Structures are given as structure tokens and as C-alpha cells.
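*Asks:* Please put together the full structure from these sequences, using the hints given.
Keeping their order, the protein sequence lines are chains F and V.
Per the numbering used here, the very first residue in the first sequence carries number 3; after that it's consecutive.
Per the numbering used here, the very first residue in the second sequence carries number 950; after that it's consecutive.
If you are wondering where the hints come from, they were derived from the structure by calculation, not from laboratory data.
None of these values were measured; they are calculated from a predicted model.
Accuracy of the hints is not assured; some may be wrong.
Stated by the list, open to error - Derived BS3-like pairs (lysine-lysine); straight-line CA-CA distance at most 25 Å:
1. Lys-959/V / Lys-1013/V
2. Lys-205/F / Lys-1013/V
3. Lys-979/V / Lys-1013/V
4. Lys-34/F / Lys-1013/V
5. Lys-177/F / Lys-205/F
6. Lys-205/F / Lys-34/F
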Amino acid sequence: MSFPASAADILTSVLLILATITLYQSFAWLQKRSGRIWLNPMLLSILVIIPCLLLTEMPFQQFYRATEPLNMLLEPAVVALGFPLYQQLSQIARQWKVIFSLLILGALLVISISFCLTMLLLNYPQIAVSLSLKSITTPIGLALTSELQGDTSVTAFAIILAGLFGALLGPAWLKAINVHSAKAQGLAIGAASHALGTATISKTSYEHGAYGSLALIISAIVTALISPGLIDYLQVFFTGFVGI
Amino acid sequence: MPKFSRFKHKPLFICLYSIFAIAVSLGAGKMLAATLEGLPGSLHGMIVFTVLLHFQVFDAQIIKPAITWIIQHMGVCFVPAGVGIINHFELIQQHGLAIVAIIFITTFILLTFVGLCCEHFCQNKTVNKQPGG
Chain F
3 MSFPASAADI LTSVLLILAT ITLYQSFAWL QKRSGRIWLN PMLLSILVII
53 PCLLLTEMPF QQFYRATEPL NMLLEPAVVA LGFPLYQQLS QIARQWKVIF
103 SLLILGALLV ISISFCLTML LLNYPQIAVS LSLKSITTPI GLALTSELQG
153 DTSVTAFAII LAGLFGALLG PAWLKAINVH SAKAQGLAIG AASHALGTAT
203 ISKTSYEHGA YGSLALIISA IVTALISPGL IDYLQVFFTG FVGI
Chain V
950 MPKFSRFKHK PLFICLYSIF AIAVSLGAGK MLAATLEGLP GSLHGMIVFT
1000 VLLHFQVFDA QIIKPAITWI IQHMGVCFVP AGVGIINHFE LIQQHGLAIV
1050 AIIFITTFIL LTFVGLCCEH FCQNKTVNKQ PGG
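*Replies:* Listed below in C-alpha cells is the structure:
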């Protein structure tokens, strides 16, 4: 962890953090006002900051170092997610067998398919790790990506896209394949499109929201437990396989 | 700023109490991670936090408004990490479409799998006939 040293560095750091927060809050306000899910403040802030860095010719490393305090808040943010988990405990206790088996199988399936597809099409292990972890909530996805030597920026981007796809098209798709119950819709959207999808489906009914958040929390925990072993295995399989 | 005024505790107390609870859980999580390895310390911390709330070591009612505020605003912390995609222009130029396609396909595979399995194997008492929105 490196802190800015000189007064100029500290000033740059404060200004860049303030600018990032202001930008994010403006987009968050815009999304709230318009009610459009695709006006995602995280995605739009990233899309505005990138051209700004290119125009001012500021290297990414400098921006990243200056905004390091924001990054340091990632760990407490993950811990805070224990609160919704605590709120869902009684529901988990009642139906843990079905929900856990379903979400464990789902996680196994999506990690394996994402990893294999990426390796077959791109042959790029770092990106394969990132894309395998895209269905879970951002703080846990990023923590796991750094642990498994993936690329956090690709994971962050992939997580937003997975969230947007599920939030925008998920409910219509589920209806098209005859999935109508609130429990099935909530669990599916929560597992595939984490908080972004859950926020959208919560507007349908309270039950949708409850199952959505339940799925997003359990999926994240299940993925955290199985991904290190599974990804290690897949990496060995592919490096051995492709290396021949 | 968070609207804590409608809660019976003072905002400063809520903030300090929540920061303390999260810091204790994170510290314990990091110690667990150092001994157990595998999962990141923050995830162990999340589980410790849940357990401490469940056994009422910390008062969930006091922490609730602070957590609501944190969850609502935590997205900004992920922006710097996301901007890192700037280092991957070549990758996006070469494989951007393939990456988006993989994300799209696998998201729908997971949606379909969980949705269909739950519809068939879970006991669904309530059926939602209302269109979304």
C-alpha cells in the first residue's frame, strides 16, 4: 500500500477522489430521476474518467495511486454485506438444502463454462479467471480476482455487464422459458446478475427482492468457496492441454 | 449525508458503533485468513460480522441505518478498479466482442439453469402472474 508523499500528491489525491465521488453521485442522481437501469453510475463514471485520463495524459497508475483511499474501503464494504446475510439467516435455515445445491451447481456450471469458453476463444488465463467470477457481487468478485491472480479491471467491467444483461433482459427471458414463480425468478436473477439484477426485480414484488438478495449472497459465498479449487484445476488442465 | 435523524440513536454514535463493529469483524477476519488461508480476509470478516450480529454481540438495530447507507453508496469504491480497463485497449480491440459474447451467453445459461431447476424442484407456493416493472 503506498500513500501519496508530497503536499502536491495529497492535493491531487483529494481532488481526484472528490471528482470521482461527484461524478458517481451525479450519475446516481440521474439514474434515480430517470429510473433507467442502464444509466449505471459505476459504468458511466468509468466511461467518463477514461477519456479524461487520455485527454490529460495522466497515466492510470497515477490515478489509481491517487484514488487508493477509495480502494481501501473495499474491504470494509465486503464486511458490511454480512448484514443482509444476517437478515436472511432464518430464510436460509428453512430451505438451505435446495437453495444451496441449486446455487452450488449453478456456480460450478457458470465458472467452468466461462473459463473454458475464454480459454478456447482467447487462450488468456488472467481474463478467464476474471470472466469466471463475473456473476457475483463486485466487492467479493474483486477480492477473489486478486486472490486468484485475475485482472480486477476486467472483472469489474464484466460484473457490470452481467448485471446489466440480467437486469434488462432477465425477467422477460425467464417468462419466455415459462419460469413464473417469484422464488425461481428471484433466485435466478440474484445468482446471475447480483445486486444490479436484484434491484430491478425487487420492484416486481417483495418476495422477488428477498430471494434475489438471498441468491446473490449465497452465490458469492459458494463461489468464494469453490472457485479457488475449481479455477486451479481448470488452469492446470488448460495449461497442460494447450501447452502440448 | 445519511438521514439518521429518524432513528433513536445519535448519528455520531451510529457511525462510530458501526465503524467499530466492522473494524472488529475485519480484524478477526484477517486473523482467520492468516491462519486458514484460501479465502480473502474481508470474506472471513463478513462471516464473522454475520455471526456476531446473530449472537447479538452487536446491536443490529443501531447498525442498520449505517449499513443501508454504505450499501447504497459503496459503488463509488469500485470505480478506480474499473478504470483499469484503460490498460486493456489492445485486448478490447482484438477480443472485445468475444468477451461480451461470453458474458452474455454464460449469464443466460445461469439464469436458465437456476430458473428452470427452481421452477421444477422447489416448492413454489406463490405464483407471480404480474408482469415485471
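*Asks:* Hey, Lys-34/F versus Lys-1013/V, does the alpha-carbon distance stay inside 25 Å?
*Replies:* Since the Cα atoms of Lys-34/F and Lys-1013/V sit roughly 22 Å apart, the hinted pair holds (cutoff 25 Å).
*Asks:* Is the straight-line distance between the alpha-carbon of Lys-177/F and that of Lys-205/F 25 Å or less?
*Replies:* Holds: Lys-177/F and Lys-205/F sit about 16 Å apart, inside 25 Å.
*Asks:* Please verify whether Lys-205/F and Lys-34/F have alpha carbons no more than 25 Å apart.
*Replies:* holds, 13 Å
*Asks:* Hey, Lys-205/F versus Lys-1013/V, does the alpha-carbon distance stay inside 25 Å?
*Replies:* Answer holds: Lys-205/F to Lys-1013/V is near 21 Å, not above 25 Å.
*Asks:* Check the hint pairing Lys-959/V with Lys-1013/V against an upper bound of 25 Å on the C-alpha distance.
*Replies:* holds, 13 Å
*Asks:* Hinted pair, alpha-carbon criterion (25 Å max): Lys-979/V, Lys-1013/V. Please report holds or violated.
*Replies:* Holds, at roughly 23 Å.
Hint compliance for this structure: every hint is met.
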